[in-house]
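> Here are the chains, one letter per residue:
2 protein chains.
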Amino acid sequence: MPCEMEKIRAEGFAAVVIDILRASTTIITALANGAERVIPLTTLEEARARKEKEPDALLGGERNALPPPGFDLGNSPREYEPERVKGRTVILTTTNGTRACQAAVAAGAEVVVIGGFVNRRAVVEFCRSFPGPILLVCAGTRGRFSLEDSLYAGSVISGLGEGLQLSDGARACLTLYERWQGCDLAALVGGSTHGRRLADLGFGEDIRLAAAVDSHPVLPVYREGEIRLEPIGTPGF
Amino acid sequence: MPCEMEKIRAEGFAAVVIDILRASTTIITALANGAERVIPLTTLEEARARKEKEPDALLGGERNALPPPGFDLGNSPREYEPERVKGRTVILTTTNGTRACQAAVAAGAEVVVIGGFVNRRAVVEFCRSFPGPILLVCAGTRGRFSLEDSLYAGSVISGLGEGLQLSDGARACLTLYERWQGCDLAALVGGSTHGRRLADLGFGEDIRLAAAVDSHPVLPVYREGEIRLEPIGTPGF
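Listed in order, the protein sequences are those of chains A and B.
Start counting the first sequence at 11; every next residue gets the next number (the numbering used here).
Start counting the second sequence at 11; every next residue gets the next number (the numbering used here).
Be a bit skeptical, because a hint or two may be false.
Identical copies look the same in the list; a pair holds intra-copy or inter-copy alike.
In silico DMTMM-like cross-links for lysine to aspartate or glutamate, where the CA-CA straight-line distance does not exceed 25 angstroms [said to hold, decoys possible]:
id: 1; residue 1: LYS17; residue 2: ASP210
id: 2; residue 1: LYS17; residue 2: GLU55
id: 3; residue 1: LYS63; residue 2: GLU89
Hints are computed from structural coordinates only; laboratory data are not their basis.
In isolation and in its complexed conformation, chain A is listed as follows (with noise of 0.2 angstroms):
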């Protein structure tokens, strides 16, 4: 979680940024549909002034779940369609996954990728071949644990297979998605805290679309403040 990121150092890590309700949903969708890059940023300022600076890039986000004013989009994944998004920046500002994001960065991380059940085994094919320690960080909603999130980061390690070192978290994570494992996901991410608010808000679809396992076999790399595709397997990956 970003609050024990202050403590974390992560030096010659590779970290995975999990926000599965919307952030890494979003932007994993958004350039796999095509856009250039993602640009994340914090607050609504720096995202408004930066929108200033590119008038051509869209700007999106969330604040309490729903778009700013004067947005051009939101963060729903359904939102950044390839009509919307192809060969587009987009400039996104959500409330956790910026900051897990940062928080990789600040703790030293070597390389920082997004994850989300759409890419998992992008994500997974990439941590076995980084040849480092991985650091899962799970973004959580509004500073607190998130079911969605570390049910994700079980489903990475367990992807890695066997013989790891595991941190007591990490544990925990797998534990849970072991025991779900087999469950219908779209019912388990729902069945969380912020999947029962976002379905309040009417976003029930997002939860369909976050839980559509390998639905973008992407691999999005944050690097100086962008994110953008990597193609998997590159070498020095």
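Use these hints to put chain B onto chain A, whose structure you have.
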């Protein structure tokens, strides 16, 4: 976890402070063995200053699992034997547990009790009788998630029965407990990051004591900076 506590308001809640390895276990053991009160303090300076004001008190605690120089006692439950602590005040400074007590008070909790496997049933009975919501405060280790605290939180939730409204974190703890229910508790606790560290330092016996379920059927309550035993079932509780 304490880092989550900053965001939590807990007015009307009862808080259970959980630091299985070892502050909770040591506090419960000291009081069960006849100590009059335990005064948990955050810093070594505060603890030493308090000892100067109360020279009859025992000065106990740890930094990096070991007793600080000049202390009467460390943070091992073994040391808090009846012949040592009966009728005495214990000034205790530990890294994670004390902060968790203070965080629970700062969040506005109405009552703060100390929970460990050693008084599990007493804590479950207290939680059942408390009319408001319950906050389980896992102290963690150096600001990070710890398996043993979450496992205990799950064991308390399990003891409270069906039909509860659970946060995502509470659901995860319950899943951990259900997954490992029936396994050797001392081995589980000893297999955590903190457990392995304590075993390396020669404190393996402390892990066995921490995992001795219901060995001390008492309910320590933190109030106005002191922890004392409260008779279980006291009116107003």
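> Look at each hint and say if it fits the structure.
Each hint, compared with the structure:
no., hint, result
1, LYS17 <-> ASP210, "between (35 angstroms within a copy, 23 angstroms between copies)"
2, LYS17 <-> GLU55, "between (28 angstroms within a copy, 23 angstroms between copies)"
3, LYS63 <-> GLU89, "within (23 angstroms within a copy, 65 angstroms between copies)"
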